[in-house]
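Participant: One line per chain: the protein sequences are V and D, in this order.
Just so we're aligned, residue 1 is where the first sequence starts under my numbering, counting upward by one.
Just so we're aligned, residue 1001 is where the second sequence starts under my numbering, counting upward by one.
Please keep in mind that the hints were generated in silico from the structure rather than gathered at the bench.
Please note that a few of the clues may not be correct.
Claimed, not checked - Lysine to aspartate or glutamate pairs mimicking EDC-like chemistry, simulated, CA-CA at most 20 Å apart: (1) D/K1002 to V/E59; (2) V/K57 to D/E1003; (3) V/K57 to V/D38; (4) D/K1056 to D/E1045; (5) D/K1042 to V/D38; (6) D/K1070 to D/E1005; (7) D/K1042 to D/D1083; (8) V/K57 to D/D1007; (9) D/K1067 to D/D1007; (10) D/K1002 to D/D1066; (11) D/K1108 to D/D1066; (12) D/K1056 to D/D1066; (13) D/K1002 to V/E79; (14) V/K11 to V/E59; (15) V/K70 to V/D53.
So the chains spell out like this:
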Amino acid sequence: DAGITQSPRYKITETGRQVTLMCHQTWSHSYMFWYRQDLGHGLRLIYYSAAADITDKGEVPDGYVVSRSKTENFPLTLESATRSQTSVYFCASSRPVWARTDYGYTFGSGTRLTVV
Amino acid sequence: QKEVEQDPGPLSVPEGAIVSLNCTYSNSAFQYFMWYRQYSRKGPELLMYTYSSGNKEDGRFTAQVDKSSKYISLFIRDSQPSDSATYLCAMSGRDDMRFGAGTRLTVKP
Chain V
1 DAGITQSPRY
11 KITETGRQVT
21 LMCHQTWSHS
31 YMFWYRQDLG
41 HGLRLIYYSA
51 AADITDKGEV
61 PDGYVVSRSK
71 TENFPLTLES
81 ATRSQTSVYF
91 CASSRPVWAR
101 TDYGYTFGSG
111 TRLTVV
Chain D
1001 QKEVEQDPGP
1011 LSVPEGAIVS
1021 LNCTYSNSAF
1031 QYFMWYRQYS
1041 RKGPELLMYT
1051 YSSGNKEDGR
1061 FTAQVDKSSK
1071 YISLFIRDSQ
1081 PSDSATYLCA
1091 MSGRDDMRFG
1101 AGTRLTVKP
């Protein structure tokens, strides 16, 4: 099925553990993004990628690592989880700027992460 | 000051009411303006997209952009219970997008 899939949907982890959130898209979109959504802050950009092997920091990158070896996958790793990283994480994808007809992003359903 | 300011609400209206949702922004480089709708425990989905100042209508929804005032609005006419969701404004220059905090709307039957 075409779309953008995030896994897991829910995750509980302990402080200090490494955890990886997965994102897979079948649109062949070149751009992919990771956002976190917190009450009162809305969506904040963590990292984005313009193409395979090209990544860049967003607003709140500290404590996160990304990689993009294949166009369709964009995993997000929390190297040593902290309670402040408890949040809902959304992956999104889009065409390049010059090819966007509506300038919108396609979002996944999110991963709800709790760090205890 | 945040680049994008949006009243978080919550906003509760009776069915059939006209709803007005608003955002202000500070970055003059923003050229593209969007509204996303997000249902509970779902990802945001693009609702409206506009470029430049003016109005854009799509069914019961009207998006309005006033670049001189750095102000955007979304109007929902004849609101329905199915419109109950969080509405996020978003805007972008050439690169990444900035989102408002979202306004939670409830339309009561």
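Participant: Each hint needs a verdict: does it hold in this structure or not?
Facilitator: Now the hints, each set against the structure:
{"no.": "1", "hint": "D/K1002 to V/E59", "in the structure": "holds, 12 Å"}
{"no.": "2", "hint": "V/K57 to D/E1003", "in the structure": "holds, 18 Å"}
{"no.": "3", "hint": "V/K57 to V/D38", "in the structure": "holds, 19 Å"}
{"no.": "4", "hint": "D/K1056 to D/E1045", "in the structure": "holds, 18 Å"}
{"no.": "5", "hint": "D/K1042 to V/D38", "in the structure": "holds, 14 Å"}
{"no.": "6", "hint": "D/K1070 to D/E1005", "in the structure": "holds, 11 Å"}
{"no.": "7", "hint": "D/K1042 to D/D1083", "in the structure": "holds, 14 Å"}
{"no.": "8", "hint": "V/K57 to D/D1007", "in the structure": "violated, 27 Å"}
{"no.": "9", "hint": "D/K1067 to D/D1007", "in the structure": "holds, 19 Å"}
{"no.": "10", "hint": "D/K1002 to D/D1066", "in the structure": "holds, 18 Å"}
{"no.": "11", "hint": "D/K1108 to D/D1066", "in the structure": "violated, 30 Å"}
{"no.": "12", "hint": "D/K1056 to D/D1066", "in the structure": "holds, 12 Å"}
{"no.": "13", "hint": "D/K1002 to V/E79", "in the structure": "violated, 28 Å"}
{"no.": "14", "hint": "V/K11 to V/E59", "in the structure": "violated, 23 Å"}
{"no.": "15", "hint": "V/K70 to V/D53", "in the structure": "holds, 8 Å"}
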